[in-house]
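Asker: Single-letter residue listing:
2 protein chains.
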Amino acid sequence: MAAAFSCPVFLPSTFSYNENRYHGRIKIKINATSSTKVKTLNEIAGAGKGSSSLATSTEIGHLSQEQIRQRIPTKKQLVDPYRQGLIIERGVGYRQTVVVRSYEVGPYKTATLESLLNLFQETALNHVWMSGLLSNGFGATHGMVRNNLIWVVSRMQVQVDHYPIWGEVLEIDTWVGASGKNGMRRDWLIRSQATGITYARATSTWVMMNEKTRRLSKMPEEVRDEISPWFIDKRAINEDVPEKIVKLDDNARYVNSDLKPKRSDLDMNHHVNNVKYVRWMLETIPDKFLESHQLSGIVLEYRRECGSSDRVQSLCQPDEDETLTNGVEQSLLKNMILTPGIMEGNGYLGPLDVKSYGYTHLLQIKGDSKNEEIVRGRTRWRKKLSTLPYSS
Amino acid sequence: MAAAFSCPVFLPSTFSYNENRYHGRIKIKINATSSTKVKTLNEIAGAGKGSSSLATSTEIGHLSQEQIRQRIPTKKQLVDPYRQGLIIERGVGYRQTVVVRSYEVGPYKTATLESLLNLFQETALNHVWMSGLLSNGFGATHGMVRNNLIWVVSRMQVQVDHYPIWGEVLEIDTWVGASGKNGMRRDWLIRSQATGITYARATSTWVMMNEKTRRLSKMPEEVRDEISPWFIDKRAINEDVPEKIVKLDDNARYVNSDLKPKRSDLDMNHHVNNVKYVRWMLETIPDKFLESHQLSGIVLEYRRECGSSDRVQSLCQPDEDETLTNGVEQSLLKNMILTPGIMEGNGYLGPLDVKSYGYTHLLQIKGDSKNEEIVRGRTRWRKKLSTLPYSS
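First to last, the sequence lines map onto chains A and B. Start counting at 1 in the first sequence, then tack on 670, and there's your number in our numbering. Start counting at 1 in the second sequence, then tack on 670, and there's your number in our numbering.
Check each hint, because a few of them may be wrong.
It does not matter which identical chain is meant; a pair holds if it fits inside one copy or across any two.
Below, in silico cross-link-like pairs of lysine-lysine (BS3-like), each with a Cα-Cα straight-line distance of 25 angstroms or less [to be verified]: (1) 851 / 904; (2) 1054 / 932; (3) 1025 / 914; (4) 932 / 1036.
Calculated directly from the structure, the hints in this document are not laboratory data.
In isolation and in its complexed conformation, chain A is listed as follows:
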């Protein structure tokens, strides 16, 4: 049944804008304003199987409908006009052009960290989508599905030099590399499309978990054969020694307890999405600090999944000493000196100010006898130059 979709309809290299464009549409006469002759998706599914355009078969399972509607490529694609994506870097990297949408920005018209994390997830999945390796899961390859394996993220680091603003056109590059024997690294770069200036960079490491046993797994040979041809030895962030994040305890300065995952926080894997974790972390920092500071960097170390019934506690602790001591902060400092424009406040780039502020974070599940760590984090902040709204 999947054979019908082995060659999904993608328009090659140009995207024609035409009011009556129906390229790639399954050729069934649809009159959307006529109320009695609308075809159901079931009928369309029948037609998509090669039967006549008047097919009314209702025997089609939902998988074929899903395939018609999603059109996941089963072979490598070089361009995707709908996603505005293309394969770069000698055939193994991915670049996508995106516009910062109105609902992806906060009160100052700048993209939120959450939006950037969402775009990282989206471009990563679209990279796998284009590769022809995507099975019907959350980024898992065909070989992974055969072995009941899913991806889990173990570490994520993001540096934001400039926050994109509403309506700005961005280019996001992403690529993968080896990480130890059984892991994978995925990096991202966000650039302004208009100027080429780098706005943000990120790196992450991923390992495989058995979906049934929930235990970490070695990378099977068949999976290595799928993904290793895509590895590039290039890094978005140069970090010699990954920073160690101390574990907070009940003495932490700020504590937010009894956080409950909601239905809307669950993603396709039926887990609380990582982006939600970051929201819980940042919401624990006092409003007064958040109003006058802007996040410049974050490191996350994931320890454990969080399910929909868990009750979560968020702890955070500001650095007592504002001197810059450890690895991440030094690399951040270096970056700040090299990029004089880093001190962005609401779109205005002012004079160099190297002072930065750090917080240590912990999300944990509060248990009767002991607590279980979900994620440890470090955030770095710079002072905003103005707390006025971006416009008006």
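Add chain B to chain A, keeping to what the hints say.
Answerer: The following block gives chain B in isolation, referenced to the frame of chain A:
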């Protein structure tokens, strides 16, 4: 200063995919990997003003940077390759092609209502963006800004026949029309790009408010002159008599109190975004019902803005009697009979089942002496055919 941007660089009618594409980029030599010669955005802004490409002026205010980065058109544009948008309907309607992103879907891989509402907001703003009328606010025209006016939504109605799934390509049409003497109607249609089938339809009414006095305003002549040439007399939803939504009181079956807007809930207008209101409404419905039902329609009547310091209470009440009595439900029922595929459960379209379930909603600010209504709502639901995840 705005003159420099009166002719934003948009690529006409074709979108060339080229790895080294720099069309539309401000021609400044940028070497993103070289660490010492990166130009700051201030320097770019200087260059954008017509000075030499080596300009290092730092006197540029943030407005010019914002203009370079946003490139809001000051004249009508017919196509926007970055937004995949084009002007249709004899020059006054707008169509945008979008792909359902991985973070816009819930656990069943179907787009959430929140995502649809976000896409409505986005396409509406992009419509104004293309018109050349957009000033530097949240959809306000130049004439509105001159009169200190902003848009406020007074009513919103959405019908969802099919939920789009992750990766699906959609076409969203939106247009405006007159609503009484001082209001504007905005409608939307969401279609599958592959089949042309309509998935969702929506209509909304908008009035103008004085930004300073917070009082509703008549539509000034200069604003009418701007927007009335864009009016189309066409409706996405035919509704003869708008349903009256009863006001709930403390006897409502389900009550969720002490809801607090968070920083991340504020939009560009520094208000709690409408989408957040819907989340608060839906979260008050018991999980057990939400797990087995899918939202098919919603009507919202906005009464009052909600600020960041308000404490909000969400009430809801299921219909006692499942017979379909009022206007909206009858039009919904009619729609269901005409579109046999409406009973979608997780992508599977099963046999016709006209039974639907209704809830009445109220969000209010709990005051010491009296409560203040924020929004009244009605939701309609259909039973899911399966509560299993979409895939696996």
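Asker: So, for every hint listed, does it hold in this structure?
Answerer: Cross-check of the supplied hints:
no.	hint	result
1	851 / 904	within (17 angstroms within a copy, 61 angstroms between copies)
2	1054 / 932	between (32 angstroms within a copy, 20 angstroms between copies)
3	1025 / 914	within (21 angstroms within a copy, 57 angstroms between copies)
4	932 / 1036	both (17 angstroms within a copy, 23 angstroms between copies)
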